[in-house]
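S.K.: Listed below, chain by chain, are the residues.
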Amino acid sequence: MENKHLTDDEIQDYLDGNRSLSNAAVHIALCERCRRELSRYKYLFNMLGEDPGFELDSSFSERVMSKIVYRPFLSTAEIVLLLFCLLSSVFTSFYFLGLNRVIEPLFRVLIKTAKIPGLLFSAVKGLLARADLNVSIVIYSSITLLIIFIFDHFIIRPRVQKIDRAS
Amino acid sequence: MIKSDSTENTAVVIKNINSGRRDDFKLIVEKYQRLVSHIVFRMVNDTSDREDLSQEIFLKVYKNLKSFRFESRFSTWIAKIAYNECINHIKKKRMILFSDQKEGVLNRVVDKNILPDEAIEKLENREIVLREINRLDVRYRVILTLYHIHGMRYREIGDVMNLPQGTVKSYLFRARRELKEALIERYRGDRLWRINI
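Just so you know, the sequences run in chain order A and B. Going by my numbering, the residue at position 56 of the first sequence is 56; the numbering climbs one at a time, nothing skipped. Going by my numbering, the residue at position 82 of the second sequence is 82; the numbering climbs one at a time, nothing skipped.
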């Protein structure tokens, strides 16, 4: 290597810290041409290592944050609906498991005190209050299952699929 | 060289954001906006698009934060998103990809009036080098930035740009050689070289 000029790649490799080019230092000390090339690359490396000064202004992070809309996975109304479904499921399960002695008084209180808005739900509430407890349970279970189906099919599944697509 | 990762702190911040502390994302933006701006400014010449694109990149980072598995450095992951978004932007705008670009407008942030002569000369030299970098292939520009300014290794740059390590090294060497030759060609005998040799 002492008699042969270093190639561009060898000089760059040397400046990148490749220590396998141990003879390069000897050659550079003796060769003016390679010393000149090395100086040029050294200068270039220094320039390339300096921050080019491209800057986004100081309020950039604020603007990004203003675009991040906080959207919880479930809204408050959805959480209430979910709790209602869960509670209903528990009561219904208890009934069919023969634990109705424990929950029957609670269920009666629930039917009497439930303040469900809307004409449709008022009608259902009236029906439940008038009907025999067994019939009430069946109607109540059906409505609960329907709500759970709607909740799962139209709210949870599309949201999970959307997250899967995004990731 | 910019230190863009202190892994433990970043990991804590990411976990906090994923557990609902949305406002902590501002720390991520502040820490990595320099990395993102370097990639965007190197790849996109249209000044009016740069900020919007940088915002889109961070919004994408936020949306995908839960999918970051800590298998690479966070800076590499963000750089990869930034690079891919820039490529998509360039394609969408039907701009020329991976070939010589015309000189872009450099966004300089230094007031030359308050600097001594030597510093002005250095700044002018830097502007010449930056201008020549902007004439290089888009991939070369990104590699030079990630390697020299952000201290990324060949493997990390390969991850960002979806290139094999050997190709990254080859492009890096070619970029520096082309840059040196362009500077010699255009500024032969200029003080740019004289003061350093």
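Just so you know, the hints here were simulated from the structure itself, not pulled from any lab data. Computed from a predicted model, the values in this text were never measured in an experiment. There could be a bad hint or two in this list.
BS3-like, lysine-lysine: derived pairs with alpha carbons at most 27 Å apart [as the list claims (entries may be wrong)]:
id	chain 1	residue 1	chain 2	residue 2
1	B	Lys-80	B	Lys-93
2	B	Lys-15	A	Lys-67
3	A	Lys-67	B	Lys-31
4	A	Lys-67	B	Lys-91
5	B	Lys-63	B	Lys-26
6	B	Lys-15	B	Lys-91
7	A	Lys-42	B	Lys-169
8	B	Lys-63	A	Lys-67
9	B	Lys-80	A	Lys-67
10	B	Lys-66	A	Lys-67
11	B	Lys-93	B	Lys-60
12	B	Lys-60	A	Lys-4
13	B	Lys-169	A	Lys-67
14	B	Lys-26	B	Lys-15
15	B	Lys-180	A	Lys-4
16	B	Lys-180	A	Lys-42
17	B	Lys-93	B	Lys-15
18	A	Lys-4	B	Lys-169
19	B	Lys-91	B	Lys-60
20	B	Lys-180	A	Lys-67
21	A	Lys-67	B	Lys-92
22	B	Lys-80	B	Lys-60
S.K.: Of all the hints given earlier, name the ones this structure violates by number, lowest first.
M.R.: 6, 12, 13, 17, 20
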